[in-house]
Every structure is written in C-alpha cells, then in structure tokens.
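Visitor: What follows is each chain in one-letter form.
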Amino acid sequence: MRILVAIKQVASRDSQLKVDAAGRWIQEADLAFEINEPDAYALEEALQLKEKHGGEVIALSAGPARASQTIREALAKGADRAVHVEQETEGFDTLVMARLLAAAARTEKPDLILTGLQSDDLGYGQTGVVMAELMDLPSATIIMQVEKLDGRIRVKRELEDGWFQHIEMPLPAILTIQSGINKLRYATLMGIKKAKTKEVRRLTAAELGVDTTPVAARERIYPPRRSKQTVMLVGSSREQAAQLAEKLKFEVRVL
Amino acid sequence: MSVLVVMEQSGGAWHRMSLETLAAGQELAGALGRPVAAAVAGGDVGALASGLAGKKLDAVHAVEHELLANYTADGYTAALADLVRRVAPSLVLFPHTYQVRDFAPRLATRLGGVLISDVVRVRVDGAVPVFVRQLFQGKLNADFRATGPAPHFISIQAGAYRAENVVAGTAVVEVFHPALDPASIRGVPAEPFRESARAVDLTAAEIIVSVGRGIKEKENIPLVEDLAKALGAELAASRPICDNGWLPMERQVGSSGQTVSPKVYIAVGISGAIQHLVGMKGAKTIVAINKDANAPIFEVADYGIVGDLFEVVPALAEEVRKLRRGA
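In order, the protein sequence lines correspond to chains L and P. Residues 1 to 255 (our numbering) make up the first sequence, in order. Residues 1 to 327 (our numbering) make up the second sequence, in order.
To be clear, the hints were calculated from the coordinates, so they are not data collected in a lab. Predicted model only: the values in this text are computed from it and were never measured. Take the hints with a grain of salt, since some may be wrong.
[What the hints assert, rightly or not] Now the in silico label distances, taken between C-beta atoms and shown as ranges:
1. L:Glu239 / P:Gly54: 53 to 59 Å
2. P:Met1 / L:Lys193: 55 to 61 Å
3. P:Ala293 / L:Ser12: 17 to 23 Å
4. P:Ala183 / L:His53: 49 to 55 Å
5. L:Lys109 / P:Arg85: 30 to 36 Å
6. P:Gly282 / L:Arg81: 36 to 42 Å
7. L:Glu239 / P:Ser90: 53 to 59 Å
8. L:Lys198 / P:Glu219: 45 to 51 Å
9. L:Arg81 / P:Glu66: 41 to 47 Å
10. L:His53 / P:Val188: 18 to 24 Å
[Said to hold, decoys possible] Lysine-lysine pairs mimicking BS3-like chemistry, simulated, CA-CA at most 30 Å apart:
11. L:Lys247 / P:Lys56
12. P:Lys55 / L:Lys247
13. P:Lys229 / P:Lys322
14. L:Lys228 / P:Lys263
15. P:Lys229 / L:Lys228
16. L:Lys50 / P:Lys263
17. P:Lys216 / L:Lys183
18. L:Lys156 / P:Lys263
19. L:Lys249 / P:Lys263
20. P:Lys229 / L:Lys18
Each residue gets a CB set at the ideal place from its N, CA and C atoms; glycine is no exception.
One chain only, chain L, in its complex shape:
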C-alpha cells in the first residue's frame, strides 16, 4: 500500500506569539517550528500500516524552505521519501492549500492519504476533506482506527460526546486522523542517519500549475479581548495559593 501523509510545519506549541507590524501574521523571526501534532499521529498511523501491510510511506508538505527540517524529521521516523512543495503559504486559504497538496499528491498515485484533523496554527480543520473533493476521493474525518481490508478500509470515526462509528469505504481514500490514535515513536539515531540519504522531491505552485489566489481573505490578526474581568492573584506561590483558598471559601463558597 502506498500511503501519502500530508504534514505541516507550525510554530512550536510554547511559542510566545507577536503580531507583525502589518497586523497580518505573526513575527516568525525568533520562533521555533515543529510538526503539527495531529499530523505526527497521521504519520505514525501510516508507518504502522506499512509495517503491517508493506508498501511505502511518502511525506508531503507545502511550506517555505524551513519546512525541510520537519520533512527530515518525518524521514528520520521512517517515511521512505518526501515531496516538498516549496512555497511561502502565508495568506493561502484552505482551497489554495488543498489545491497545491492535491496536485502534488496526484503525481504519486497513492492508495491512501492521511493527514491530521486540523493544524495547531490556523485550525481550519478542512485540508484533507477539500483535497478529497478535489481528487474525487471518499473521505472520513476524526479517525481513531484504520483497518485495511481487500481494496477497502474500515475506519473508526469519532462522533461527539463519546460516540463512535465504523465506516467502510473503497481505496483510494483520504482520512483525517485524530490525535491520540496511536503512540508516537521517536526517531532513532539510525533513522536520523538514514534520513540524510532519502529522496526529497521539490515542486513549486507554478510547476504544479496551481492558481494561488485566495477566496477567503484574512484581513487582520490581533490578541483576543478578555470576555471576563479576571482577578489575578499575585505574590509567591504560597501567597497565591492562600489567596485562592480564601476566595474559594468566602466568595465562591465551596469550602
């Protein structure tokens, strides 16, 4: 089975974010970047499926040159090769992003495409589904289990409030993977060494013939306004704890 995994590089989770001067995006200069966490679970699922059924795992990412670090990490974890659509993607909407990824994916003719259910930065939660429509493939979202059958797959989809549902569909198909579906592996030293020799095919939007004009414009980003007047408790840890215990007793009245 040839499995393609679409991964995204995002600002690391603990980043202190500052809005840039134009108010359009964040200041990237001092940030560290990492793989989008749900995509890490998608990659792990692909690696486990390959270990069980054979085939190959191809990592696909669209992003600027810095994304090559995240691609290398995917190769170090066990992806066989990678495709990098080397492209500044800031300001792209879901449709443009999915067009790029779908165009690149078509060149690989995968049996299965996996990606995370959403990104930790933009959080649109749509890329996999839009790719599926563009490629005329069946899809299922928020997947907690993947089982390969003969020419088909059976997946466990998470519903709300603790409910689940199994769905069967023909291959090729696209799945968006929920965090926690599996246990992530670390790259081994051997893996890191091997990654250096693995193939990374580079493409651009122009080469793929993709129109990058967005139809949904992000005009401005800004820190959210607080909806509540938060009483901040200050002092040493002990003083903070003592104040909070007092509040819980005399204001909230639960002690």
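For chain L, the structure is supplied; the task is to place chain P on it using the hints.
Guide: This is chain P only, laid out in the frame that chain L set:
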C-alpha cells in the same frame, strides 16, 4: 443576498448547536436586511421542519431522501449542493459540529467556495459581513472576509450565539427531494456506538480539578489528584492527557469528551484551546493556574494565577485543608 442556515439533526432531534446557528442566521440577516431560510436534511424530517414553521423565517427547506436517513459525507454533500444551487443564497451557515466538519468543506469546494470555519462572532462592516475566528489554539483572533463569488460558507462555534435568541414568527415549509445517485455514496456507515458505559459522570460534579499538558509527566498526576481530594472534587483532564493514557478517556472535558458546568472549575496547566473551552465555559466560576500569562484560558477565568503549578498546586491543597479544618 439571502442567508441559509443548515441545521443538524439526528434521529429526529436537533443537535444542540442547531438553534444557536439559527439565532446567528436571523441576527446576521437582520443586520444585512436580507431574508433568512433554514434547511434540515434527513430521511424524514417532517416533524422537525414543522417545528421551524413557528420561527421567523422566509422559508424552511425539508431536504428528504431515503439515502439521507443515515449520514454520509457523499449523500449530504450531493443533497445540499442540489439545494444550495436551487435556493442560491449568498451565505450558508452551519453549526461547527463534527458532522459539519466531515462534509461542509467538501460542499464548499464543490460549489467553488471556501468554508470559513469555527466562527465566534460576525459583525457587519458597511453591509459586508466580517467573520471573527480564532487562530493558534485561541491565542490570537483573526478577521476574515469572503472575497470570492457567493455563496460563502460559514460554520459557527458552539456557544457563540444563544438558542433562546431565536425569534418566533411564521415560516412556510417546502419539501425538497434532492437528486441522489446511490452509486455516488462511497462510505458505508455502521450504527454509532459507545465504547463502554461511562463510569464517571463529570456533569454531576460541583467542583472539578482539571489537568492539562502543563503537568508534563504521568508521574506528576498525583499532585492534582491530591488537590481534588482536598477539595472533594472530581478529577478531569484536557484531551492530550487522556491521549497519553495518563488519565482515562472518560475523564476528558471538551468537544470530544464531556461538557460540564460545575460551581467551580480549576484548570491546572491547561492552555485553553477552543476544543477544551467549549466543554467547560459554562462553569459558574473558573480558576486558571498556568505559567503562561498569555494562555487563552485566562480569557474565561474569574480567578487567575500565573505561576508554577508544581508549587501552587500542593500549596493550594494545604491551604484548602487548613481552611476546612478551621471551618
């Protein structure tokens, strides 16, 4: 420039967010001075559609087909694409549910548009709607405008609008039978199920101590367990903690876990991503303990402590025990 609200039902009952989205649609249509209609799809939605006849709407579209009796992404996409092409609204609103996330991006793509998802607020700026949504797990907000040709697709976050603000009136129900080809429906869904009976009912708890990524390691969980014990509270967690198996899934609060509204919710080392907030923002009092002063959890907190949870939490357990003994 009309507004169409696509509501979600299962087994003849509304999804709780459907009426919130209807309220959003009515408010937005009012601000734009445009008509608003509602749609509901399923095998037999006559009773639900009739219920909407008592709301202030220009039309109610009952989208019925035997192939819609069980939800499939392909079936819903085809049926609603057919309806949207016929009604030709300029804005299509959905509740931001798991089901909507499964098919609405596909529907928008099929009709040449983009879904602006998980919108928390809409304002009208010179007769043009501006959609506010969160970025970076709630750390930043962003304003979006739909720039391409209509229709534009929007999904509305849980709790962003209030169901009780739906305006009553009258509406005409129109039944719409979409053209559906059984061969175009590729997914075969089985019956929904629950993994096991839920042993922990967090919804009944008066006090909840909830733990997030800030706890760093499984070995540190007893720290918050002890605080919960001191407070007589239930222990809960954000999703990553349950994903890691540090606490059982049934203790998870958030969009994929339980929705709680206790007297007090103490969030320990939880940054406050929206998926978590939707599960607990109904709490009467929210306390946040986090090392990052910019964590979005402080936006909903009544009391906040910026500090080291490894110091604050044991000290708090001790102070609580002291006050309890004194009482």
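Visitor: Next step is simple, just say for each hint if it's right about the structure.
Guide: Verification of the supplied hints:
Checked against the hint of 53 to 59 Å, the C-beta distance between Glu239 (chain L) and Gly54 (chain P) comes to roughly 56 Å, which is consistent with it. One distance hint, 55 to 61 Å for the beta-carbon pair Met1 (chain P) and Lys193 (chain L), holds here, with the actual separation near 60 Å. Evaluation of the 17 to 23 Å hint for Ala293 (chain P) and Ser12 (chain L) yields a pass: the beta carbon distance comes to about 18 Å. Between Ala183 (chain P) and His53 (chain L) the Cβ separation comes to about 28 Å, which falls outside the hinted range of 49 to 55 Å.
Between Lys109 (chain L) and Arg85 (chain P) the beta carbon distance is about 32 Å. The supplied range of 30 to 36 Å therefore holds. Here the CB-CB span from Gly282 (chain P) to Arg81 (chain L) is close to 48 Å, at odds with the stated 36 to 42 Å. A hinted range of 53 to 59 Å holds for the C-beta pair Glu239 (chain L) and Ser90 (chain P), which are about 56 Å apart. Take Lys198 (chain L) and Glu219 (chain P): their Cβ atoms lie about 36 Å apart, and the range 45 to 51 Å is violated.
A C-beta distance of roughly 46 Å is found between Arg81 (chain L) and Glu66 (chain P), which places it inside the suggested range of 41 to 47 Å. For His53 (chain L) and Val188 (chain P), the hinted distance range of 18 to 24 Å is satisfied, since their beta carbons lie about 21 Å from each other. About 45 Å separates the Cα atoms of Lys247 (chain L) and Lys56 (chain P), which puts this hinted pair outside 30 Å; it is violated. At roughly 44 Å between alpha-carbon atoms, Lys55 (chain P) and Lys247 (chain L) are farther apart than 30 Å, so this suggested pair is violated.
Between Lys229 (chain P) and Lys322 (chain P) the CA atoms are separated by roughly 14 Å; this keeps the pair inside 30 Å, and the hint holds. Note on Lys228 (chain L) and Lys263 (chain P): the hinted pairing holds, with a Cα-Cα distance of about 16 Å set against a maximum of 30 Å. Between Lys229 (chain P) and Lys228 (chain L) the alpha-carbon distance is near 28 Å, which keeps this suggested pair within the 30 Å criterion. Distance restraint check for Lys50 (chain L) and Lys263 (chain P): the Cα-Cα separation of roughly 48 Å exceeds the 30 Å cut-off, and the hinted pair is therefore not satisfied.
Note on Lys216 (chain P) and Lys183 (chain L): the hinted pairing holds, with a Cα-Cα distance of about 16 Å set against a maximum of 30 Å. For a cut-off of 30 Å, the pair hint linking Lys156 (chain L) to Lys263 (chain P) is broken: about 35 Å separates their Cα positions. Using a Cα cut-off of 30 Å, the hinted pair Lys249 (chain L) and Lys263 (chain P) holds, with the two alpha carbons roughly 13 Å apart. A C-alpha spacing of about 39 Å is found between Lys229 (chain P) and Lys18 (chain L), which places the hinted pair above 30 Å, so the restraint is violated.
Hint compliance for this structure: hints 4, 6, 8, 11, 12, 16, 18 and 20 are broken, all remaining hints hold.
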